[in-house]
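Colleague: Here is what each chain is made of, one letter per residue.
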Amino acid sequence: DTAVSQTPKYLVTQMGNDKSIKCEQNLGHDTMYWYKQDSKKFLKIMFSYNNKELIINETVPNRFSPKSPDKAHLNLHINSLELGDSAVYFCASSHHQRDNSPLHFGNGTRLTVT
Amino acid sequence: AQSVTQPDIHITVSEGASLELRCNYSYGATPYLFWYVQSPGQGLQLLLKYFSGDTLVQGIKGFEAEFKRSQSSFNLRKPSVHWSDAAEYFCAVGARGYSTLTFGKGTMLLVSP
Chain X
1 DTAVSQTPKY
11 LVTQMGNDKS
21 IKCEQNLGHD
31 TMYWYKQDSK
41 KFLKIMFSYN
51 NKELIINETV
61 PNRFSPKSPD
71 KAHLNLHINS
81 LELGDSAVYF
91 CASSHHQRDN
101 SPLHFGNGTR
111 LTVT
Chain C
1001 AQSVTQPDIH
1011 ITVSEGASLE
1021 LRCNYSYGAT
1031 PYLFWYVQSP
1041 GQGLQLLLKY
1051 FSGDTLVQGI
1061 KGFEAEFKRS
1071 QSSFNLRKPS
1081 VHWSDAAEYF
1091 CAVGARGYST
1101 LTFGKGTMLL
1111 VSP
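Residue numbers (the numbering used here), protein chains in the order written: chain X, 1 to 114; chain C, 1001 to 1113.
Heads up, some of the hints might be wrong.
With a Cα cut of at most 30 Å, we get these calculated DSS-like pairs of lysine-lysine [to be verified]:
no.: 1; chain 1: C; residue 1: K1068; chain 2: X; residue 2: K41
no.: 2; chain 1: C; residue 1: K1105; chain 2: X; residue 2: K67
no.: 3; chain 1: X; residue 1: K67; chain 2: X; residue 2: K22
no.: 4; chain 1: X; residue 1: K44; chain 2: X; residue 2: K67
no.: 5; chain 1: C; residue 1: K1061; chain 2: X; residue 2: K9
no.: 6; chain 1: C; residue 1: K1068; chain 2: X; residue 2: K44
no.: 7; chain 1: X; residue 1: K22; chain 2: C; residue 2: K1105
no.: 8; chain 1: C; residue 1: K1068; chain 2: C; residue 2: K1105
no.: 9; chain 1: X; residue 1: K19; chain 2: X; residue 2: K52
no.: 10; chain 1: X; residue 1: K40; chain 2: C; residue 2: K1105
no.: 11; chain 1: X; residue 1: K71; chain 2: X; residue 2: K22
no.: 12; chain 1: X; residue 1: K22; chain 2: X; residue 2: K52
no.: 13; chain 1: X; residue 1: K44; chain 2: C; residue 2: K1061
no.: 14; chain 1: X; residue 1: K41; chain 2: C; residue 2: K1061
no.: 15; chain 1: C; residue 1: K1105; chain 2: X; residue 2: K9
no.: 16; chain 1: X; residue 1: K71; chain 2: X; residue 2: K41
no.: 17; chain 1: C; residue 1: K1105; chain 2: X; residue 2: K19
no.: 18; chain 1: C; residue 1: K1105; chain 2: X; residue 2: K41
no.: 19; chain 1: X; residue 1: K71; chain 2: X; residue 2: K44
no.: 20; chain 1: X; residue 1: K22; chain 2: X; residue 2: K36
Everything labelled a hint here was simulated from the structure, so no lab data went into it.
So here's chain X without its partners, still in its complex pose:
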């Protein structure tokens, strides 16, 4: 009954490869997010989707492409991986515009690029 689940939990890959991280939420939320947590634990929003529509796209290289097939899923595809992409990526969801709906986070995907 996991609320926000993301896979895989760990991802080790070489530079130049393409990889995807999947995220699903079963909370009925209409908004989903990708956050990146760097080695210093700093969390920064990357993307936000509301009802499958992109509403936030921070300054993220275009090698990162989110895809939302429906409002319960938000996947993150990364092309041509670089060493600096190594981080923990968190998916989250919430109800947009509903004050009592906090962000619910997944357990993260630790990406290591070698």
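For chain X, the structure is supplied; the task is to place chain C on it using the hints.
Modeller: Chain C only, in chain X's frame:
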């Protein structure tokens, strides 16, 4: 632009002692404020949130936080810390809808026996 400052990178507290984690924010309008906790290898769990009304909010696990507009602060407190509270704590500020939630850099809490 909104920002959050957590001035303490890490804090060590004896088990059973009281705890206060500091958070200062910068936001142009009335802020929505949050505290999250992250245990090793886990995602972030919401401890408590402030939207409006009573400036002292209660959260889970015995935590509380007080919103002080005059000081732009939202400090987290717990009267008696347990060893299981050792984790990273994040303060965050956002607007309605959370689309612009900004996190502080976190405070690592260490609990000594």
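Colleague: Measure nothing beyond the straight line between the CA atoms of C/K1068 and C/K1105; if it is 30 Å or shorter, mark the hint as holding.
Modeller: Given pair C/K1068, C/K1105 holds - Cα atoms ~20 Å apart, limit 30 Å.
Colleague: Verify the proposed pairing of X/K44 with X/K67, using a straight-line Cα cut of 30 Å.
Modeller: OK: X/K44 and X/K67 at ~19 Å, within 30 Å.
Colleague: For a C-alpha distance cap of 30 Å, please report whether C/K1105 and X/K41 respect it.
Modeller: Answer holds: C/K1105 to X/K41 is near 7 Å, not above 30 Å.
Colleague: Between X/K71 and X/K22, does the CA-CA distance stay at or below 30 Å?
Modeller: holds, 13 Å
Colleague: Do the alpha carbons of C/K1068 and X/K44 lie within 30 Å of each other, as the hint requires?
Modeller: holds, 25 Å
Colleague: Assess, step by step, whether the Cα of X/K22 is no farther than 30 Å from the Cα of X/K52, and give holds or violated.
Modeller: holds, 15 Å
Colleague: What's the verdict on X/K22 and C/K1105, does the C-alpha distance respect the 30 Å limit or exceed it?
Modeller: With Cα atoms ~26 Å apart, X/K22 and C/K1105 stay inside 30 Å; holds.
Colleague: Verify the proposed pairing of X/K71 with X/K44, using a straight-line Cα cut of 30 Å.
Modeller: holds, 22 Å
Colleague: Are the Cα atoms of C/K1061 and X/K9 separated by 30 Å or less?
Modeller: holds, 26 Å
Colleague: Can you confirm whether the C-alpha distance between X/K22 and X/K36 stays at or below 30 Å?
Modeller: holds, 14 Å
Colleague: Holds or violated: are the alpha carbons of X/K44 and C/K1061 at most 30 Å from each other?
Modeller: Given pair X/K44, C/K1061 holds - Cα atoms ~26 Å apart, limit 30 Å.
Colleague: Keeping to a limit of 30 Å between CA atoms, is the pair of X/K67 and X/K22 held or broken?
Modeller: The given pair, whose Cα atoms are some 9 Å apart, holds under the 30 Å limit.
Figure legend: structure checked against the earlier numbered hints; every hint is met.
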